[in-house]
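Undergrad: Now that you have both chains on their own, put them together as the hints suggest.
Protein sequence lines correspond, in order, to chains A and B. Going left to right, the first sequence walks through residues 804 to 1205 as the numbering used here numbers them. Going left to right, the second sequence walks through residues 4 to 326 as the numbering used here numbers them.
These are computed hints drawn from the structure, not numbers from a lab. Keep in mind that this is a model prediction, so the values were computed, not measured. One should not assume that every hint holds.
Straight-line alpha carbon distances no greater than 27 Å define the calculated BS3-like cross-link-like pairs of lysine-lysine that follow [stated by the list, open to error]: (1) A/Lys996 with B/Lys111; (2) B/Lys111 with A/Lys1175; (3) B/Lys111 with A/Lys1031; (4) B/Lys111 with A/Lys1001; (5) A/Lys949 with B/Lys303; (6) B/Lys302 with A/Lys1093; (7) A/Lys1043 with B/Lys111; (8) A/Lys1093 with B/Lys303; (9) B/Lys111 with A/Lys805; (10) B/Lys302 with A/Lys989; (11) B/Lys111 with A/Lys956.
Next come the chains, spelled out residue by residue.
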Amino acid sequence: MKVHEYQARQILADAGVAVPSAEVITDAGAAASAYKKVVTEAGLGEGGLAVVKAQVHAGGRGKAGFVKLVKSAKEAEDAARFMLSNRMVSVQTGAEGIAVQKLLIAAGVDIAKEYYLAITTDRATRRNILIASSEGGVEIEEVAHKNPDAILKEPIHPLLGLQGHQARRLAFDLGFKGKQVNQAAKTMMALAKVYEEKDCSLAEINPLIVTKPTKEHPDGQVLAIDAKFNFDDNALFRHKDVQSLFDPSEENANELRAKEYELSYIQLSGEIGCLVNGAGLAMATMDIIKHEGGEPANFLDVGGGASEEAVTEGFRIILSDKSVKGVLVNIFGGIMRCDVIAQAVVNAAREVGFKVPLVVRLEGTNVEAGRKILEGAKSEMPTMQSATDLGDAARKVVAAVG
Amino acid sequence: MAILIDANTKVICQGITGSFGALHTRGCYHYGTKMVGGVTPGKGGTKDENNLPIFNTVAAAVRDTGADATMIFVPPPFTADAILEAMDAGIKTIIAVTEGVPVQDMVKVRAVLDENNAGKSVKDRTVLVGPNCPGVITPGPKTGSGESAKDPYTKSGCKIGIMPGYINTHRSESKLAKNVGIVSRSGTLTYEAVWQTSNLGLGQSTCVGIGGDPVRGFGFIDCLERFQADPDTDAILMIGEIGGTDEEAAADYITKHVTKPVASFIAGRTAPPGKRMGHAGAIISGGQGGADTKIAALKKANITVAETPADMGGAMARAMNLA
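If we strip away everything but chain B, and leave its shape as in the complex, we get (with noise of 0.2 Å):
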C-alpha cells in the first residue's frame, strides 16, 4: 500500500518527444515504473527511443494501453488542455511537472476538475498533482541497476515525475522498519527531505511534491487524508512555504483529523516581504502567509517544527519519538 501510485500504475507521458519528456520517460521507465506509451498529436503510430507506443490523443492512448496515470510535460501554454484532456480521456490521476503555467489557465481547470470531483468519494476523484511539481514517488526496494528497462531499479516501485529515485528508501531497507509520507511543495527541498529521512534509517510510503504554484491541484488536506488512511504510512512529514495560507489550513486539519505523527518545516523564514522567491506561490503580502503565522499555526497543532532545514529528518525523528 502506498497512496495515489504503486506498481500496479500504468503511466503515459503527454510531450513524450519533448527533450524533458523523454528524459524522465527514461527516467521513470529506468526506475521501474510501468511506462505504457506516451502522447504527442502528429506521431501516433510511432515509438519512442524505449520501444513505448506514441498517440496522437490520450483517449487513443488509454483506449490501446489500459493508462491510468499521465506526466504531463507539455510546454506551459498548451498544459491546461493537456490536463483537460487527460480528464476527459478518463485518466484519474494526472501529473502535471510543467513549470510556468498561467495561473488565470489553472483557476479555469481547477474549476473544471472540483465540478467532476464534487460529491464523488476519496477514491473515486480524479487527482491532478501540480502543475510545477517533482511528481509522485512510490519506492520500492531495490532490485536492479536502474540502468534500462530491463533492469529497473526496483520491480515494485512507482516514479512519476522528476525526482531522484535512489535516494528514495523501502520499508523494508530502512533501518528502522517505518515509513514516512512526505507531501512538499518545493520539488529540490522534498529530496533534501527524503535524504535526511533515509538516512536516518526511516523509509518512505510515498513522496508527493504538489508544487510551488498559487492555483493548482492536490493540496496539502488532500494528501494528509490518504496518508492518514494508508496503513503503510506511519508518519508524515509535510514540507511548507512561505505564501498562501495552506499551511494554516493543513494544521487545522491535522488538529481535527490527523493521528499519526506530523512534523514539518517552513521555507522562507528570512525571504523579504513583498520579494518574489522564484515561486509563484512564495509572496508574503498582507500580513498573511509568512513564516512566523505558519509556525505559530502549526505549533499549536502540536506539529513539530523544524528549525532548519538540515533538521527536517530529526524533527521527524522526534515527532515519532525515535530520537
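Just chain A, with the same shape it has in the complex (with noise of 0.2 Å):
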C-alpha cells in the first residue's frame, strides 16, 4: 500500500525526523493563508519561498508543472487553482491524466546540499538494508547506474534493528559535518523505526538536505523534504494506523472491486481478458497471448480459494472492460476445483452473456465434472471454444479476437 506525501511527512515528523512547515489543503481558497501560515512558521516572512505540490501517487509531478515554486500568497493561490482544477498528465499516469484533491504548501528551505536515504528489504540476503547517497535529489537509480560507488549499502541486522554505530559511521561517510552528523544520523535511526515497526517495504527520504548555515544553525540544519512510504499488505492487519490512510481515489476502481472479492486483479491495455489460477500460471497466459500475438487486457488471479460467486465476479469485472474483445479462461485446478469455474463460467454467460469469443482450457481437479457442466451448457455460449492445452488456448483465443 502507497501513502501521499503529506502522509510520509506526518509519519517521519512523528518518528522525530526534521520536515519543513507544512499545510495540507483542498481547496484553493486556503491556499493563501496556508502560504502566510507556513513562511511565517519558518521565519521567511511575507515573500517568502513556498512550495505547492499536488498529492497524487504518480510520479512526474514536477514535469507534469504540478510542483510550484510561489513567492507570495497570490501564487499559491493562483498554482493551487491550476493543480486542483486540472487533471495531472505525467508519464506514469496515461493519457487521461489523474485528478488532483489534495495539495501540500511547504516552507522553502535553502539548500546547501541534498542527500539520498532509503530503506527496502534486499531479497538477496534477506535483510533490510540502508541505502544512502550524497548524491541525492537527482534520479538515484542514475547515480546508481553511472556511479555505484557513490551508493552506500549498510545490511541491518533482523532481530537487533539498525545500531547508532552504524548510523554514524554512514553519516561521516555521507560527508555530514559538526552538528548534522548527529542529526543524520538521528534520521536514519527514526527511518530504520518506522520501517520494522510499521512493517514498510520502502521508506525513501529524497531528498533529505542540509541547510545553509544561519545564525541560529551554524553548522546547518538536516531536514527531510519529500518522502514516500510503501507498507507491506500482508502486515496491515496490525497497523489500523497505516490502513487509515489508504486513499480509495488513488486505485483502480475495478482493481478494488476484485480486491473485495479477494482477486488479485490488474488492468493492462489489450484486448484479451484472462482469468487463471495462480499469480505464475497468470503472468505466463499473459507471455503466452503476446508471443501468439495478442495483447493481454488484464491479470488477473483468482487464486485458490475463491467461491463461484467471487469468479463470476470476475467475468463481470473482465466484461466491463470496454476494450475485452475476447476472453480466455485457463485453469489448471489444485485446491481450485475445475466443476466451480466451469459453474462461474455458466453463470457468467446467463448473466452477463459472452458476446466477445470465450476460449476456456481446463486442466485438473475435478476436470471432468467441469467439462461435463461446460458441455451441458454449450447451446447458452455460442461464442465458447474448448481448448486441449495451454498453447492450443492461447492460438485460439488470438485467431478469434483477429
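TA: Written out as C-alpha cells, the structure reads:
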C-alpha cells in the first residue's frame, strides 16, 4: 500500500525527523492563508519562498507542472487553483491524467546539499538494508547505474535493528559535518524504526537536505524534504493507523472491486481478458497470449480458494472493460476445482452474456465434472470454444479476436 | 531416492482443524502420505475427521508420533510463530503453505533458521519450504483409487501440500523411464510443468514449490544442490518468474556445480514494470529482476529456456536430447 507525501511527512515528523513547516489544503481558497502560515512559521515572512505540490501517488509531478515554487499568497493561490482544476498528465498517469484532490504547501528552504536515504528489504541477503547517497535529489537510479560507488549500503541486523554506530559511520562517510552528523544519524535511526515497526516495504527520503548556515544553525539543519513509504499489504492487519491512510481514489475501481472478492486483478491495455488461477500461471498466460500475437487486457489471478460467486465477479469485471474483445480462461485446478470455474463461466454467460469469443482450458482437480458442466450449457454459450492445452488456448483466442 | 521427502516421512499438520488444513490433510493422507497427526492449540487429545491425533504443541506431537516433517496451514499472522515452534521441536522438514505472511516476520524467521543451519552439512540442516508455496511431492506408482487413507493413490510416495497428486508420474510408470526434478516459484505453473513432462513420458523424482514471497526458506540453489546429488533425478526443470535475482544466481550455480541437463522457464516476460502481479515476489524494479536479464543469464549457462509456458516439457526434452 502506498501513501501520499503529506502522510509520509507526518509519519516522519511523528518519529522525530525534522521536516519543514507545511499545510495540506483541498480548496484553492485556503492556499493564501496556508502560504502565510508556513512562511511565518519558517521565519521567512511575506514574500518568502514556498512550494505547492500536488498530492498524488503518480510520479512526474514536477515536469507536469504540479510542483510549483511560489513567492506570494497570490502565486500560491494561482498554483493551487491550477492544480485542483486541471488533471495531471505525466509519464506515469496515462494520457487521460488524474484529478488532484489535495495539495501540500511547504516552506521553502535554502539548500546547501542534497542526500538520498532509503530502506528496503533486500531479497538476496534477506535483510533490511539502508541505502544512502550524497548525490540525492536527482534520479537515484541513474546515480546507481553511472556511479555505483556513490551509493552506500548498510545491512540491518534482522533481530537487533539498525545500530547507532552504523548510522554514525554512514553519516561521516556521506560527508555530514559538525552538528549535522548527529542529526543525520538520528534521521536514519528514526527511518529504520518506522520501517520495522510499521512493516514497510520501502521508506525513502529524497532529498534529505542540509540547509545553508544561519545564525541559529551555524552548521545548517538536516531536513527531510520529500518522502515515500510503501507498506507490506500482508502486515496491514496489525497497523490500523496505516490502514486509515489508504486513499481509494488513487486505485483503479475494477482493481478495488476485485480486491473485495479476494481476486488479484490488474488492468492492462490489451484486448484479451484472462481469468487464471495462480499468479505464475496468470503471468505465463499473458506471456503466451503476447507470444501468439495478442495483447492481454488484464492480469487476473482468482487464487486457490475463490468461490463460484467470486469467480463470477471476476468475469463481470473482465467484461466491464470495453476494450476486451475475447476472453481466455486458463485453469489448472489444484485447490481450485474445475467444476467451480465451469459453473462460474455458465453463471457469467447467463447473467452478463459472452458476446465476445470465449476460450476455456481446464485441467486438474475435478476436470471431468467441469467439462460436463460446460458441455451441458454449450447452447447458451455460442461463442465458447474449449482448448486442449495452453498453447492451443492462446492460439484459439488470438485467432478469434483477429 | 528422491529429495526432501519420501514414503517414510512422517508428517503432521499445524492448523489441522482449519478448513484448508483439514482439506489438505485429507488430500495428502489419501494420496498415501504418512500423516501421523496435527496440532491445534487447545484441541489436544481429540482426533480429526481422519482419526488422526491432535496435539496442543508441536513438541508433544513429535514426542508421541515421531513426526519429522510438518505442513503449516495456520493463518498468516501466526505463521512465523508456527515455523519457529516446529524448529524448536526439532522438525527437520518444514513446509509452510500459508499465503500472506508479513515480509518482516520472514526476515526474522530466516535469520533464526540461518543461524541454526550455519556450518551444518546438507543432511543436518533444517529445511523450510515456503511460505506461500504449494508444497513438495515425491510421487509413487499408483496403487489405489486415492479415495481414502485405506485405499491410497500410492503406497510409496509422499505429498506434503496442496498440489494435485494424480498429474505426477513415477519413473516406473513413465514411458521414457527418466526422472525430472522440478523446482518452481509458482504453484499452478508447477502443475503445468508436471503435466507437460508426464505427457511427454517423463517421470518426476520430486517437485518442489519454493513459493513466490520475497523472503522465504528453500531456494533454487538449495534445490539444485540436492537434485544434482540425487541418483534418482536425471534432469532438472527450474521455473522462475520476474523479481529478485535468484534465477541469475541459480544460473551461476548451475555453471559451476550442475552437470545434469537443465531447462527453465521465466514467467512475466510481458508484465509491465512496477506492477505487482499477485506474488509479492514478482515486482520488477531498478532494471534488475526483469525476465530478459534472467533469460540471458540462463542461456549463458547453457540452460535450455522454454519460449512459452506451453513449451516447458518440450524444453526439458530438448535439454535431455529426447527431442
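Undergrad: A separate judgement is required for each hint: does it hold in the structure or not?
TA: Here's how the hints hold up against the structure:
no.: 1; hint: A/Lys996 with B/Lys111; in the structure: 15 Å, holds
no.: 2; hint: B/Lys111 with A/Lys1175; in the structure: 48 Å, violated
no.: 3; hint: B/Lys111 with A/Lys1031; in the structure: 24 Å, holds
no.: 4; hint: B/Lys111 with A/Lys1001; in the structure: 15 Å, holds
no.: 5; hint: A/Lys949 with B/Lys303; in the structure: 25 Å, holds
no.: 6; hint: B/Lys302 with A/Lys1093; in the structure: 21 Å, holds
no.: 7; hint: A/Lys1043 with B/Lys111; in the structure: 22 Å, holds
no.: 8; hint: A/Lys1093 with B/Lys303; in the structure: 24 Å, holds
no.: 9; hint: B/Lys111 with A/Lys805; in the structure: 24 Å, holds
no.: 10; hint: B/Lys302 with A/Lys989; in the structure: 46 Å, violated
no.: 11; hint: B/Lys111 with A/Lys956; in the structure: 20 Å, holds
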